[in-house]
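**Student:** Read off the chains here:
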Amino acid sequence: MAVPIPDATLATPTPPPLPSLVSSRRLRTQRLGRALRLWVPAGFLILVLAMCFLWPMVYTLPSPTNGNIVNASLPPFSPGHWLGTDQVGVDIFSQIVYGGRVAFEVSVATTVIGMVIGCALGVLAGYFGGWVDAVISRVLDILIAFPALVLALVIAEGLGPSEFHVILALAVFSIPAFGRVSRGATLVVRGLPYMTAARLSGTRGWRIIVRHVLPNIMPGIVTFSLLGIGVVIILEGALDFLGYGIPPPGASWGAMIANGQQVLTAQPEYVLIPSIFLLITVVALNMLGDALRERWGVQ
Amino acid sequence: MALVQQIQLQGGSGARGSARRIAGSPALRLVGRRLLAAIPVLIGVTFLTFVVMSALPNNTAQAILGLNASPSAVAALNHTLGLDQPFWQRYWHWLVNVLHGNLGTTVNGSSVNSELATHLPVTLELLAYSLVVSLLLAIIVAVLAARRPNGVVDRLSLTVSMIGLSAAPYAFAFLLIVVFAVKLNWFPVISGSLGSTPLSFLKATTLPACAIGFPLFAVYTRLLRADLVEQMQREDYIVTAKAKGVPPWQVLIRHALRNSMFTLITVVGLNLGTLIGAVAIIETIFTVPGIGQDLLNGIQNHDVPLIEGIVLVFALMTVLGNLLADLMYAVLDPRIRYGSSNS
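Residue numbers (our numbering), protein chains in the order written: chain A, 262 to 560; chain B, 47 to 389.
Just so you know, the hints here were simulated from the structure itself, not pulled from any lab data. Nothing false has been slipped in among the hints.
Residues of chain A placed beyond 10 Å of chain B at every Cβ, according to the derived structure:
{"no.": "1", "residue": "310"}
{"no.": "2", "residue": "467"}
{"no.": "3", "residue": "557"}
Covered by chain B, per the in silico footprint, the following chain A stretches (three or more residues, Cβ under 8 Å):
{"no.": "4", "segment": "403-413"}
{"no.": "5", "segment": "416-425"}
{"no.": "6", "segment": "496-503"}
{"no.": "7", "segment": "525-534"}
{"no.": "8", "segment": "544-553"}
Heads up, the beta-carbon is just placed ideally off N, CA and C, and yes, glycines get one too.
Please construct the entire structure, taking both the sequences and the accompanying hints into account.
**Tutor:** Structure below.
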């Protein structure tokens, strides 16, 4: 009876798992911990998003821009204004809701623009190498050496305050970061055997990029973009804070902090409330990014 | 190696030998190479600033003369300021002047050189203070955390650094003001001038330095802790050291930390230039008379020479930071020294 010869090339590269020395109970708590680390920040984000985008559809909120001076400086938990009102009587909770909308709109739009352009540049540089890589890397180097906030401020000041201009100004700075990350990831992927296989089977360059490179660098890009959204929310707040962001009647977290600054000693909650929302949102984004990175095994 | 021996042989033979030794010193050659490589980046950054500033609607002359100025007066001032020339010509003039050590004049008429001379030291002192403190704290906390991964100290350090990473510096600055300046009254709310005695300097700069340094501390701690933990688990020399019976603390500090410093130093060097944003905001909040405030004024007035000067300073700081990081590599890792003397 002929014994089948095991095919060496088909053998699994990893040795069979050793019998686990960890008790199953410990494994279960580990798995639970990992799930919690993903779903707690995700839940927080969903809550904040729902608060900003769905809440105003369900319940009518006081106007985030007009208030009655009679109701000025109400403390939190006042009837009709559960987070109180600011110095001119505008409801704080509704400012938080509409300011949060702006923060999410700006940060997601900015990150998507930066991701699309940055990834295109980074993948081209990483895949083709040679002079393409040299030119693109040099440009990215300069953009990275360029102080982001200065660029954003200069653009926002020159074009005048508006949500679109803020997006434009911040997108310029998010491009080089995505370019660097996607170039590095592409360089790693390019050396893998399936790339050689694809090339040997006569797949065209652009098809390799779209079907083989992009899907494989996506996990890294997505986790990076979550961190990027957090950074952009803080930067957008900074622009608002300095008065170059959303034009005055519109609500924004940064502008709320700047307004609250005037009565900081008397009513610190005007600064604290938007700061806390800002902190929770960005912490949730960062933790979600970390959890996904751990789950997908991204460096 | 042959070169090193040759230099060592000639080293003892008088002044000519020592001159050759300096010229052949790998550290000096590294400095030279890095400074040469920095020139295109510096030119690129300043040129880009010029392009952006020129592409945007520009009403410097109108701003100086006021809204009632006649169009001919505006045109005349534009001419005297050289703003009617094409931007590459203006950039060329600016570049030539910079190479002669003259950074131009601001819109207000003062020279950029004197503006920087009065305000740059303040910013540098503030930055140095926050960098040194955040680095020292980060190293201590990261080592304590890496001693027992997933222990109490580790969890605490991860939480604090996650908050530091996510907190907006301006919001954190107000928290500091409310707690330490208003409630506890330990520090002044407004820094104003930094004072001359060390005590008044500390009093005026501690809060702004904390506001700048806390996010840095968070980044450094996370990075160093992750690197230390990975080394303690993976590296062969750690196993060897442990097997030899080196006490755990010494393994951590003399073996792991020494290697982890590379990552940290790289990040510190890279971060220097990007700090300008945080510096500008924090200086405005605490009214520290540094170049961050100058920058915001310059942006408001569309003051190209002033902005160019400040951007140049921070780009230079990035370049020098990276250079310093490379030199520190050579100090920390003997292989790099020998390697570069071969080439």
